[in-house]
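**Student:** Could you build all of it, start to finish, from the sequences and the hints given here?
Here the protein sequences line up with chains B and D, keeping their order. Using the working numbering, you'd call the opening residue of the first sequence number 47 and step up by one each time. Using the working numbering, you'd call the opening residue of the second sequence number 83 and step up by one each time.
Incorrect hints may have been included.
Said to hold, decoys possible - Simulated pairs of lysine-lysine, DSBU-like, Cα-Cα distance not exceeding 30 Å:
(1) D:K121 to B:K68
(2) D:K121 to B:K59
(3) D:K314 to B:K92
(4) D:K208 to B:K92
Calculated from the structure, these hints are not laboratory results. Predicted model, so just to flag it, every value in this text is computed and none were measured.
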Amino acid sequence: MANHYYDAADLGKFGNIGEFQKPMADKFFAWYGEVFAEGELTAREKSLVALAVAHAVQCPYCIDAYSSDAYEKGWSEGQMMEAIHVASAIKGGAALVHGVQMMNKVKGIAM
Amino acid sequence: MKSLQAQHHTLANVSEQVGILEHGIDRDDSFALVPFQQKLEEAGLYPLTATQLDIFQINLGKMCNQVCKHCHVDAGPDRKEIMTSETMQQCLDILDANSSFKTVDLTGGAPELNPHFRWFVTEIKKRNRHIIVRCNLTIILANKKYHDLPQFFKDHEVEVVSSLPFYSKDRTDRQRGDGVFEDSIAALQMLNAVGYGMEGSDLKLNLVYNPAGAFLPPSQDVLEKEFKTALKRDFGISFHALYAITNLPISRFLDYLVQSGNYENYMLKLLSAYNPAAASNVMCRNTLSISWDGFIYDCDFNQMLDMKVDCSSQHISQFNKDVLARRSIVVNQHCYGCTAGAGSSCGGAVT
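**Tutor:** Here you go:
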């Protein structure tokens with residue numbers, strides 16, 4: 047076992063997860079493929095959504111994969127960074143909006 | 083920016099390029115890719131043989147008004163290799179004797195910079211062949227004497243195939259040089275003005291996309307729609323088809339891959355996208371590629387690696403149709419570029 051948690055080479059081994067549980071892996075990859083196919087959203091649009099979500103979930107494999115994929119599909123550096131700001135704003139906002147809960151609680155117990 | 087040759091760059095030497103492709107950057111086989119030949123064997127395609135002699139592709143010279151970072155020809159204004167009218171006459175004689183060549187595909191460098199270009203096109207047209215000119219667009223604006231090229235192309239019913247790496251200025255200029263995007267747009271508008279690229283028009287205007295970086299092209303069909311929408315919306319430009327072409331690890335693109343640390347990952351990317359269906363449809367099977375000095379190759383990439391056809395007919399002075407039609411294609415590791423994903427050829431995807 048390596049002495050670190052993430053290895054870039056592991057991304058290429060993602061397809062091997064079926065080794066321990068094949069039927070579920072097959073279903074996952076079939077579903078994954080369909081999710082990213084051309085649909086009511088284009089594959090190009092989905093790639094940008096995936097890039098933003100990859101940052102929100104802070105998955106280094108997903109960031110690696112969708113930084114390349116989004117750029118290959120023609121999104122510019124500026125557009126990709128704006129998408130990440132959207133993800134970050136939602137993450138930041140998600141934390142901050144709980145401030146209302148804090149305020150409610152404090153107001154409830156304060157004289 | 084100068085050509086690799088003018089810089090006396092190591093990679094101006096073809097054997098250095100082949101050394102990297104076969105043995106890795108350090109030539110020590112520490113990075114060993116599955117031999118392309120082995121992939122063909124697995125698919126029952128080795129030896130890869132010619133299927134027919136359809137396309138006669140002629141490289142009129144390495145001189146170009148642009149110095150693109152990805153150029154597999156290492157073309158540029160400092161390159162002086164250019165086809166003579168005597169060699170062109172030999173090509174015409176071959177066309178006279180071989181009616182199977184339905185298409186003559188003229189490339190370079192910028193083929194229009196050859197001083198005998200217009201005469202040659204006129205002579206080919208007299209022989210009733212379909213002519214393709216691989217026009218870099220900016221040549222049309224480079225000098226007043228080229229401003230009438232759209233009309234000349236129209237008069238000779240030439241199919242124009244033009245590189246436009248992207249529909250935005252940023253990516254185009256990064257690959258092809260500052261100002262190239264604006265000039266390309268102006269040239270496309272001039273071609274549209276004489277009728278090229280319009281819906282229903284027989285004056286074919288096709289664009290070539292190739293990635294501005296170490297990655298593969300996305301889906302050709304999807305990209306074509308995006309190009310059409312963006313060019314129409316932003317510049318009022320129409321065109322027929324978009325060809326998505328993969329960059330092959332040769333010459334300046336190979337130099338870029340090595341310098342940027344992308345070489346190994348790019349080769350692995352090509353390998354993992356290897357598609358046997360694309361391999362059986364590669365363009366070298368129905369094409370001959372002629373160099374400025376009259377040598378014969380399976381394709382323009384083999385030409386730039388100086389890998390001549392594997393048969394006795396290696397120069398147009400000894401052209402032998404029967405021998406060439408039966409030849410096996412010369413392959414090496416760069417061939418992975420034409421078999422990745424949907425495949426890649428001078429006419430775009432092959433599957």
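**Student:** It remains to establish, for every hint, whether it holds in the given structure.
**Tutor:** Do the hints match the structure? See the list:
1. D:K121 to B:K68: Given that 30 Å is the threshold and the Cα spacing comes to 27 Å, the pair holds.
2. D:K121 to B:K59: holds (21 Å)
3. D:K314 to B:K92: holds (24 Å)
4. D:K208 to B:K92: violated (51 Å)
Against the hints set out earlier in the document, a violation occurs for number 4 only.
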